[in-house]
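Enquirer: Sequence:
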Amino acid sequence: MTPRGRRPAGRLRALDGLRLVAALMVCLYHYAGRGGSVQEAWGASPKQLFPSLYAAFSYGCLGVQIFFVISGFVICMSAWDRPLRDFAASRVARLYPAYWCAVLLVTATFVVRPVIADPLPIQDVLVNLTMAQLPMGADRVLGVCWTLWVEARFYLLFALIVWRGATYLRCVTFCVLWLVAAVVAAAMNVPAVDEVVMPQYAPFFIGGLALFLVHRFGGDLTLWSIVIFSWSLGQYQAVETLVSPAATGTFHQRSAWIVIMVVTLGYLAVAAVALGRLERANWRWLTVAGALTYPFYLIHEHLGWAVIEVLHQQLMLSARATFALTVLVMLLLAWAIHRLIERPFGPRLKNALSAEAVVRRAQRAARS
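Per the working numbering, the very first residue in the sequence shown carries number 9; after that it's consecutive.
Hints are computed from structural coordinates only; laboratory data are not their basis.
Any given hint could be a false lead.
[Said to hold, decoys possible] What follows is a list of derived Cβ distance ranges for each label pair:
| # | residue 1 | residue 2 | range |
| --- | --- | --- | --- |
| 1 | Pro122 | Ser240 | 41 to 51 angstroms |
| 2 | Gly151 | Trp291 | 30 to 40 angstroms |
| 3 | Ala200 | Thr249 | 15 to 25 angstroms |
| 4 | Arg172 | Ala360 | 21 to 31 angstroms |
| 5 | Glu48 | Leu185 | 38 to 48 angstroms |
| 6 | Trp232 | Leu323 | 49 to 59 angstroms |
The C-beta atom is built at its ideal place from N, Cα and C for all residues, glycine as well.
My request is simple: use the sequences and hints to build the entire structure.
Expert: Have a look at this one:
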């Protein structure tokens, strides 16, 4: 099938903006939409400090589901016409430099100032550097790293498509088979199967994949059926996870209607990008926003809690001023990580792992 839909030239900057919005949603949740460790940073419950906002902020965790929809779109776009090794090299180079920096920064912070948490044992920190801490059963340095493990499993599954070469038919087949597998896995409720198929999160990735195909080839009944089916499964999984009294009753009881609305808005926003409705949102600063998203997402939780503790409990700033200043500090630190770590070391790592580099090393070995 040949492309027949809109294909805007250059980067889809609106997606960069959506990524930052999703990251900020998660930030709102971690700073003032939940209980637990963040209460130690504030010295009080966010319920008391933000009585008119904490309930709304408790829905910020849905930024993760929106991230997954965007990821499905972006990964399919970036993998198109790319061999498997280059796809793998690009993912490693994109994820690891900022991740290593974040792990070391958080560990060093809690060595110097173990206010919210004690530093982990050295063996756990070293495992965290591999990004395999969850399957290995090690404690996490970064609270948000569980989403990276979900993303990594998506990459491994999608590598089956990249290995053969991404085409319309192969991607559609992949989406349909994964949706069916997700439904079957949910019925089986076998942990080992869930670990591979990810019925809780698969619908969001699949929705993003299908929306990229809409963007590249134009919408048809097959693609929109996949999008709608994935949305239906996704909203159900989100409600089951986030509205259960056992999961959230200790802080705030969420509304199923609002959860569905937020998930729906996430799908609609990515669909608007796919259909070219947001082409006018092409401001250059959105590219910067997109570049900040990943390092900001990695560091905002635990480092942010440490900053909150200093600003609010030590320097006695108001809760609202502390909140705003902490977000600003995390964005500036994310910019520094992007400029000093990601930009210089990401391309080098990608080049070292690329197919061309492997060929050059093989040729040198053959001559020696």
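Enquirer: Of the hints stated earlier, which fail here?
Expert: Failing hints: none at all.
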